[in-house]
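I would like the entire structure built from these sequences, with the hints used as guidance.
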Amino acid sequence: MQSEKQDPVNYYVGIDVGTASVRAALIDQFGSVVAHADQPIQMWEPQTDHYEQSSDDIWAACCTVTKKVVRGVDVAWIRGLGFDATCSLVVMDKQFRPLAVNYEGECKRNIIMWMDHRAVSQVDRINGTQHGVLSYVGGVMSVEMQPPKLLWLKENLRESCWEKAGYFFDLPDFLSWKATGVTARSLCPLVCKWTYSPDKGWDESFWKVIGLEDLVADKYEKIGNQVLSPGASVGKGLTPEAAKDLGLVEGTAVAASLIDAHAGGLGVIGADVKGHNLPCENQPITSRLALICGTSSCHMGISDAPIFVPGVWGPYYSAMVPGFWLNEGGQSATGKLIDHVVRGHIAFPELQAKAAASAQNIYTYLNSHLDLIKKSLPAGFLTVDLHVWPDFHGNRSPLADLTLKGMVVGLTLSQGLDELALIYLATIQAIALGTRHILETMESAGHHISTLFLCGGLSKNSLFVQMHADVTGKPIVLSKEVESVLVGAAILGACASGDFASVQVVTAAVTQGSLLRMEFKNLCSKNIDSGYLTLLTLVEVAFELLSFVYQLLEDD
Numbered sequence: 001m002q003s004e005k006q007d008p009v010n011y012y013v014g015i016d017v018g019t020a021s022v023r024a025a026l027i028d029q030f031g032s033v034v035a036h037a038d039q040p041i042q043m044w045e046p047q048t049d050h051y052e053q054s055s056d057d058i059w060a061a062c063c064t065v066t067k068k069v070v071r072g073v074d075v076a077w078i079r080g081l082g083f084d085a086t087c088s089l090v091v092m093d094k095q096f097r098p099l100a101v102n103y104e105g106e107c108k109r110n111i112i113m114w115m116d117h118r119a120v121s122q123v124d125r126i127n128g129t130q131h132g133v134l135s136y137v138g139g140v141m142s143v144e145m146q147p148p149k150l151l152w153l154k155e156n157l158r159e160s161c162w163e164k165a166g167y168f169f170d171l172p173d174f175l176s177w178k179a180t181g182v183t184a185r186s187l188c189p190l191v192c193k194w195t196y197s198p199d200k201g202w203d204e205s206f207w208k209v210i211g212l213e214d215l216v217a218d219k220y221e222k223i224g225n226q227v228l229s230p231g232a233s234v235g236k237g238l239t240p241e242a243a244k245d246l247g248l249v250e251g252t253a254v255a256a257s258l259i260d261a262h263a264g265g266l267g268v269i270g271a272d273v274k275g276h277n278l279p280c281e282n283q284p285i286t287s288r289l290a291l292i293c294g295t296s297s298c299h300m301g302i303s304d305a306p307i308f309v310p311g312v313w314g315p316y317y318s319a320m321v322p323g324f325w326l327n328e329g330g331q332s333a334t335g336k337l338i339d340h341v342v343r344g345h346i347a348f349p350e351l352q353a354k355a356a357a358s359a360q361n362i363y364t365y366l367n368s369h370l371d372l373i374k375k376s377l378p379a380g381f382l383t384v385d386l387h388v389w390p391d392f393h394g395n396r397s398p399l400a401d402l403t404l405k406g407m408v409v410g411l412t413l414s415q416g417l418d419e420l421a422l423i424y425l426a427t428i429q430a431i432a433l434g435t436r437h438i439l440e441t442m443e444s445a446g447h448h449i450s451t452l453f454l455c456g457g458l459s460k461n462s463l464f465v466q467m468h469a470d471v472t473g474k475p476i477v478l479s480k481e482v483e484s485v486l487v488g489a490a491i492l493g494a495c496a497s498g499d500f501a502s503v504q505v506v507t508a509a510v511t512q513g514s515l516l517r518m519e520f521k522n523l524c525s526k527n528i529d530s531g532y533l534t535l536l537t538l539v540e541v542a543f544e545l546l547s548f549v550y551q552l553l554e555d556d
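Mapping the sequence shown onto full-length UniProt numbering, position 86 (from 1) lands on 86, and the numbers just tick up by one.
What the hints contain is simulated information worked out from the structure, not anything from laboratory work.
Note that the structure is predicted; figures quoted are calculated from it, not measured.
No incorrect hints appear here.
Taking lysine-lysine and the DSBU-like style, the derived pairs with C-alpha atoms no more than 35 Å apart in a straight line are:
#1 374 / 480
#2 208 / 405
#3 374 / 460
#4 108 / 67
#5 244 / 67
#6 244 / 108
#7 336 / 222
#8 405 / 336
#9 236 / 222
#10 480 / 354
The structure is reproduced here in structure tokens:
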């Protein structure tokens, strides 16, 4: 019996450049991840608060993972390619060669990473201008945005970098340029990290008042004067060179890109939740908040009209979901903080050995160990006398204070595995309480959030997810497709291919019916509330102590 010939299936590639690795996924027209791969990338920390990467290293990793995921598939059926990446600053000279962003003059290291905090003095001066564009970043610009980094380069590496620079790219835009040879920028990073206005474009007065008037002189050629909506097709698709590098076909559609957190939000926030009795089921999409949690965490809330939230980035028009305004809260170190606390503990070698012996990763083992030591007490009671303020890398939202440091209150002389498990638990609780702080600030300003949609690496940690449900009192939705960020990137490629009419149409087609519901447990609301009040008290005490110390120094 002759088998029937199968109709071709359209495929799309999503590439995600995170902090520590590049990932790619091949996704079919139904939203299923057919294959995925990852590749680590290099990071340098030449001095405190300086974090750098290499655009050559990142592009090579993009090529490696893409070739892996398209093996065994007729590449003629791959219709589109989408990129997302961290909002890091890539510097190239006038011939598109990497330029050093460091005192060592090492050109390979031509990226100032998103988490780099070298430009503290510069961002303080920018905020001191009280320019009108700052109202669209929560009233206070972050050191993690691009203008202070550009100003730092001009003031510190004027001859070796600033005067030789031909192009400053956000990393997502660098990738689309590398793939197409077109320097057009995506609206997403420009609006969110560069102060670009979808209606008015660049504000000349802002660049002049902060001392970067030379960017205006060439009509913004260095930072972008052609802007595309995320998902729009860039140029004529893949160049011959890029197609060869990636193992794809010349001319394959390439989409205007997204920041990684925004791709995650796009990949999860539109999930079909019908029939699951969730509070957001009969409410508009604006009742949902996407929480993308990995090295850092981003809290993405959308609205029909602009909402100005003090200390929360935005409102940004069409930066994630076309036609909606976006507010973006965030915590600068979450996954990185958990790793820092756990791996820096003296009992970490014991944890490693026991986790390996039980064939578990260290966090699964810690979660199991907490179950053993809590006995009859709910998890929240284990840390009634142990509290963490989680801003070890400054506060992004809602206090918008990069000078804040982390705190731990309640330490003892004990240093065993139990104590490691408890400080791990207290850290996760603190991160969840920080999310509650952000949510309450957004809701006070006018957002109405009923349900949280989580994705990213930390969404795979059951304790992290459950603690967020417990602390916020809101149900959590987890996509059954765990690679939501990659799905978001592939959605862009699908839109650029022309196979779908819009980003919203693609999102509805590939995210329907793929969710797992996790209700919050009503542990002890009094205990959770006391923990929240303790968290807020800690930061008040920190401010008072700093004020006291500075006053003493001034008196001397």
